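Novice: Next come the chains, spelled out residue by residue.
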Amino acid sequence: MWIQLLQPKIISNNGKSSKYNAGDWVDVGKQTALLWLSDNSAHLPDMVESGFNLNGAGILTDHKELLCTRLKEQAKGIDILEGAPCLPFEKTILMDSALPLRASLIPVGISMLETWEISVPLMDYKIMAINLGTDTEREQTKSVIRDLRVPVYDTRLMFVKRTQDTERLIDNWRNAGKSPLAFLRELYKIKPFILALPCTWTTGTPSKND
Amino acid sequence: MTDGLMFVTCGDKALDSYRHAVEALKVSNNCYPMQTIGRDYGAANKHASRHAKTSLFDQSPYDRFIYLDADTRPRENLKPIFDILSDGWDVVIAIDGNQDDSVFWHVDERERNKTLEEIGVKPLQLQCGIMAICKNERTRALFENWHSEWVRYSGEDQAAFIRALYQSPVKVWLLAQPWNGGAAIGHNWGALR
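Chains as they are written, first to last, in our numbering: chain A, 1 to 210; chain B, 1 to 193.
Treat the hints as calculated values from the structure; they're not laboratory data.
Predicted model only: the values in this text are computed from it and were never measured.
A few of these clues could be false.
Stated by the list, open to error - Lysine-lysine pairs mimicking DSS-like chemistry, simulated, CA-CA at most 27 angstroms apart:
| # | chain 1 | residue 1 | chain 2 | residue 2 |
| --- | --- | --- | --- | --- |
| 1 | A | K189 | B | K26 |
| 2 | A | K178 | B | K171 |
| 3 | A | K126 | A | K142 |
Let the hints inform the model, and build the full structure from the sequences given.
Specialist: Rendered as structure tokens:
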């Protein structure tokens, strides 16, 4: 996989180490490429030509015209639709148009769907369901998920493979008002194979070590 | 379906800490059957305890079990965790306090780098010191992979768990820190090191 470095790297090849600088293009294995794209030490100026399999992938957002221009540029070749949450693509990236997403995360999130049905970042490592919503919604949520001391997902960004379960999850969540607690309730009931991602996927701010 | 608690107690230090955990379980009104694995292996206690922990699936006589590190101190009834398993989740586990740049901070550098390279992403770190498991084919595969991944480096178990999880997906319900090192279950981190 060819990727462009954003940070210097020392890369070993057949036992020989070479130093590469920011801006250099390097050909690395798929998993290494994904790791460096996800930690922002490399990027993909042109996603479609990158060699990642993005067939069947598309973005669904609430306001297409509000998506940042850079994302639209870098994701060109990937269909972008506007509308309420649903799964129009085999692999749908549901994203809030106001979210400043790094386009390089798209192939990383899509690759997670080779193993998982849905992949969603956490909102934060400290925020729990007990900290959100109204008394009524918390009560309603507790009656489903049994204990509110659980992390909450950041539903502004979801990578979703279309299956019976995920279609039901997204439909039910949309019909329940699209709140983070509604997502937890529907998730708990439907139980898809979900992979939680670190909250840096949406905040871009590494956590402080306690 | 039978529910129970599992502990690993390799060495006097772990056994002593386990006794305090049992006291805490009584005080918090947890009357579940429990089983311990392990004995004193001297200098090899740490290695033996990780070996035992990654073999829990086969060692547990219970259909659903909660594994607790010997240095944990339950302060609340654990029924909600068993209820979550009985509702159909395979694994119930808390997220770790160390994330992002601190992920796998305690894991040997070679294993840490290899893990990140193999899974292709900096993962959400899970804390394996307390975990609830419903026995089924998915969790059997997870434990088989966890054990074989742990054997590759024979060090800490958390990176091996993440590698296994990425190979053998299961239905995971996440808990927050009160359930591991907080109000519901205390954890005397590092007391057994």
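Novice: Which constraints among the numbered hints does this structure fail? Numbers only, ascending.
Specialist: 1
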